[in-house]
Amino acid sequence: MAVGLGTLAFVQVLELLFERHKGWRINRRELATDVFYVAFGYGVIGFFTDTVVNGPLGELKQAWGIATPWLADSPFMVQVLVVMFTFEFGQYWMHRAMHNWTPLWLTHAPHHHITQLNAMKGFIGNPIELFLISLGVIALLDVDLNALFAAITASGAIAAFAHANVRADPPIWYGYFFTTIRNHSLHHTALSYEDTRCNYGNSVILWDRVFGTYKEGESEVVGQDDRKRLSIREQWLFPLRPWLDKRAGAGAEVQP
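Residues 7 to 262 in the working numbering are what the sequence shown lists, from first letter to last.
Hints listed in this document are in silico derivations from the structure and should not be mistaken for laboratory results. Do not take every clue at face value.
Across the chosen pairs, the derived CB separations fall in these ranges [claimed, not checked]:
(1) Gly64 - Arg215: 31 to 41 Å
(2) Ile238 - Ala78: 35 to 45 Å
(3) Leu141 - Asp231: 21 to 31 Å
(4) Glu25 - Glu200: 42 to 52 Å
(5) Arg173 - Gly255: 19 to 29 Å
(6) Pro75 - Val227: 14 to 24 Å
(7) Asn152 - Gly255: 56 to 66 Å
(8) Phe183 - Ala38: 31 to 41 Å
(9) Ser237 - Asp56: 39 to 49 Å
(10) Trp249 - Pro75: 47 to 57 Å
(11) Asp150 - Ala45: 27 to 37 Å
(12) Arg235 - Trp70: 45 to 55 Å
Every residue, glycine too, gets a C-beta built ideally from N, C-alpha and C.
Build out the structure end to end from the sequences listed, making use of the hints.
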């Protein structure tokens with residue numbers, strides 16, 4: 007956790023020194039919200055993921071004798087990349103499902119109501135979505151703990167830069183495999199809901215290229231619903247929005 011927090015702090019400093027878009031400049035309200043969600047993510051979401059998913063998967067692995075000796079015997083960097091790309095493969099399909107099925111979109115939409123991108127914005131969202139997007143099967147793999155730590159650290163750093171307001175573009179080869187702020191800002195575009203259905207990779211953009219959802223470009227204007235910024239309360243209640251609107255007689259439109 008210390009390394010992850012240090013990475014976020016470092017990238018946040020880079021935003022102050024090398025600002026990409028003035029409209030994304032962080033203010034006190036945004037910073038307070040971001041810090042709250044980072045603490046919530048590492049604390050509450052992390053606890054539930056370990057307790058409800060990783061722990062039981064570890065027990066299942068032992069009970070069923072699931073083993074990946076080929077991975078345990080692989081070079082360090084191979085283990086790191088396998089963990090990263092395997093976890094991101096699951097994240098890709100979960101994220102894509104969230105943009106194609108209304109019940110899941112209702113949990114994910116609050117993340118798309120952010121109106122600026124910053125290093126910590128990847129932590130923003132409805133608690134249900136934050137839990138779902140954290141799910142994976144890495145606990146079933148036999149990997150060196152140092153390789154696991156390196157994979158988690160690298161993925162976190164890439165995701166932080168993919169949300170960061172930093173004026174820097176990585177080499178072309180990097181952008182072929184890993185998500186950049188250009189890729190991800192287009193995913194957050196305010197043009198329309200349909201225009202967000204691309205570039206689903208959180209830290210690995212390769213799966214978008216493989217499955218035909220990659221789109222080139224960048225968007226400075228981000229958000230949804232006329233760029234309405236949601237409060238934390240509104241983010242947490244958003245999955246109930248159709249029911250609340252129906253009850254209020256508003257009949258608000260929700261994209262599937």
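Now the hints, each set against the structure:
1. The hinted window of 31 to 41 Å between Gly64 and Arg215 holds, with their beta carbons roughly 33 Å apart.
2. At about 42 Å, the CB distance of Ile238 to Ala78 agrees with the hint of 35 to 45 Å.
3. The given range of 21 to 31 Å is respected by Leu141 and Asp231, whose C-beta atoms sit roughly 27 Å from each other.
4. For the pair Glu25 and Glu200, the supplied restraint of 42 to 52 Å is violated, since their beta-carbon distance comes to about 30 Å.
5. For Arg173 and Gly255, the hinted distance range of 19 to 29 Å is not satisfied, since their beta carbons lie about 47 Å from each other.
6. At roughly 50 Å, the beta-carbon separation of Pro75 and Val227 lies outside the given 14 to 24 Å, and the hint is violated.
7. Here the CB-CB span from Asn152 to Gly255 is close to 58 Å, well matched to the stated 56 to 66 Å.
8. Look at Phe183 against Ala38: about 34 Å separates their beta carbons, and that is inside 31 to 41 Å.
9. Range check, Ser237 to Asp56: about 29 Å between beta-carbon atoms, so the 39 to 49 Å window is missed.
10. The beta-carbon spacing between Trp249 and Pro75, approximately 50 Å, falls within the hinted interval of 47 to 57 Å.
11. For Asp150 and Ala45, the hinted distance range of 27 to 37 Å is satisfied, since their beta carbons lie about 29 Å from each other.
12. At about 47 Å, the CB distance of Arg235 to Trp70 agrees with the hint of 45 to 55 Å.
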